[in-house]
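A.B. asks: Top to bottom, those sequences are chains A and B.
As numbered in my numbering, the first sequence has no gaps in its residue numbers, which increase by one up to the final residue, 318.
As numbered in my numbering, the second sequence has no gaps in its residue numbers, which increase by one up to the final residue, 318.
Label pairs and their calculated CB-CB ranges:
id, chain 1, residue 1, chain 2, residue 2, range
1, B, E102, A, K277, 43 to 51 Å
2, A, D273, B, T78, 50 to 58 Å
3, B, V183, A, H180, 34 to 42 Å
4, B, T67, A, I99, 55 to 63 Å
5, B, A286, A, D273, 42 to 50 Å
6, B, D290, A, P98, 45 to 53 Å
7, A, T314, B, E131, 45 to 53 Å
8, B, D210, A, I99, 27 to 35 Å
9, A, S261, B, E102, 19 to 27 Å
10, A, T302, B, F272, 37 to 45 Å
Quick caveat, the hints were computed from the structure, so don't treat them as lab data.
Nothing here was measured: the structure is a model prediction, and the numbers come from that model.
In this text, a Cβ means the ideal position worked out from N, Cα and C, and glycines have one as well.
Number of protein chains: 2
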Amino acid sequence: MTAYKAYDAVRRIAVLGCGTIGASWAAYFLARGYDVAAWDPAEGWKQRLQAFVDNAMPQLQAVGTATGAPGRLEMLDTPEAAVTGADFVQENATERAPIKIELYRRIDAALAPDAILATSTSGLILSELVEGIASAPRFVVGHPFNPPHLIPLVEVVSSKVTDAAAAEWAYGFYAHVGKHPIVVKKEVKGHLANRLQAALWREAFNAVVDDLASVEDINAAIAQGPGLRYALMGPHMIFNLTGGKGGIRAALEQFGPPMASWWETMQRTPAFDDELKSRLIAGIEAEMGDRTIEDLENERDTRLVLLLRMLKETEGER
Amino acid sequence: MTAYKAYDAVRRIAVLGCGTIGASWAAYFLARGYDVAAWDPAEGWKQRLQAFVDNAMPQLQAVGTATGAPGRLEMLDTPEAAVTGADFVQENATERAPIKIELYRRIDAALAPDAILATSTSGLILSELVEGIASAPRFVVGHPFNPPHLIPLVEVVSSKVTDAAAAEWAYGFYAHVGKHPIVVKKEVKGHLANRLQAALWREAFNAVVDDLASVEDINAAIAQGPGLRYALMGPHMIFNLTGGKGGIRAALEQFGPPMASWWETMQRTPAFDDELKSRLIAGIEAEMGDRTIEDLENERDTRLVLLLRMLKETEGER
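Excised from the complex, chain A in its bound form:
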């Protein structure tokens, strides 16, 4: 880690791409006191970003993320200008390889020689995006979860050419600013957490295909049940507790064989055909009732803030 900047010396963070994910990152870094240099190619992005930040700031105060005075938000007209002088870049361009490749080419020369860039890509393989980019050894995946200003997880993944020290720096920096980074050791589709989610989604979609339960009941099968535990501990730790006093060893003995027999009946992959789509849409609309997407987002974020506060307040009891 010798070549890179001390965390306390980081002042300015560039946020490239200010859609839902980028705007949320911008709010987070501002709340932590960093100056943010933002850029986005879309019409009207400056107003939307400002509105997002204004809405997120009280949440970040409530959840205890905000530390002292917020940083200064600067909105720039080119990505080159945004990254100039930046110590760290969080890139959130549209999730399409050609768009990211073009952006990397544009900013390559403007990046400071010790600046680290992290891409929020949820599905692309970084090694496939950085050919011919001089700064590529300082590029990593830093994949957050929606909404990034509230959800702590960041997956750090190296490309084939990432400098190990740069990846270590990024991991440490996310921890330094209060996120919960993890290291995904290999480049695979969906990194780690999205693969775990996609596995659950596969069976949730299969349950709709098979008409095993209503869409609303499938939602409740998680949110009123195991989902409550997933907010408190991960799958392997939950498995550990299903073993009673015998812990993980007893769980493996007792639940390994039945689970393997369930898996035998879970080999199908659903097709997103019209039948599945229309059942899903009808089920979701029935469950939403007169609530809008915005209502649901507000409900989620209000509760997330309270959940995160509770988890922080009970941390001492661990």
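Since chain A is already given, all that's left is putting chain B on it; use the hints.
C.D. replies: Chain B only, in chain A's frame:
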């Protein structure tokens, strides 16, 4: 629903099998003011049950489950005695078919003609357990989640011979006592919620096999990320919100194809061999540090109580 007792007339509930699940059910029903007639075949069960109930009661008060004065706990020496005079039976015998079959044969004649029995079985197929049982039309699956006195979900499943009105009665009764029942329309291994969990576990075990991340990081990949959302809404509603303002339709269009491409790389089922077992055990022991299983259970339950309270208190904002 004509033939069965009015919910307000239910007074006495038999709890058969008082291990972790049964004891938790007993505490729940007592807190709701029902008299509980308990039975278990194990040595020393009466002390353990009393201790469990004493420990759970303050949690049930904190979470708002307890309503007025608790019911009376009676501990009986035979299952026949326990079910005699019971309006409802929650059966939690050891998860092995011959044991449940024998128990059903023993209690069949002692059950009141309008009593409903629900089995907590997590994996067995009820239709395969009730051959020759006269009361079988009044038997359903009522599968809870650990710990049942805190987690709201109950999966209601009918066997091939279950009277539709009996299943409806059981569903309504769980709702009446404050649980969140769902209807699983077909008898499949693991019902619904355990299949969703097992799907996530499959990829979580594969991640250990592939050394994609440490066991602790795999846990964090859920608990610090999507797990926080699973406590607030189910998988299809989360999918709906990944579509931004375009909702479920936009999500299907935008994330359907990439997810299908991830699934292509998620076709393997892990084997519980010595390598996987020893990595899991080492990873869990490292993450536990000096915490015991009991410490983890207490941490989970303390936080579950606070989480459930928060969800209840923000219900009005839905």
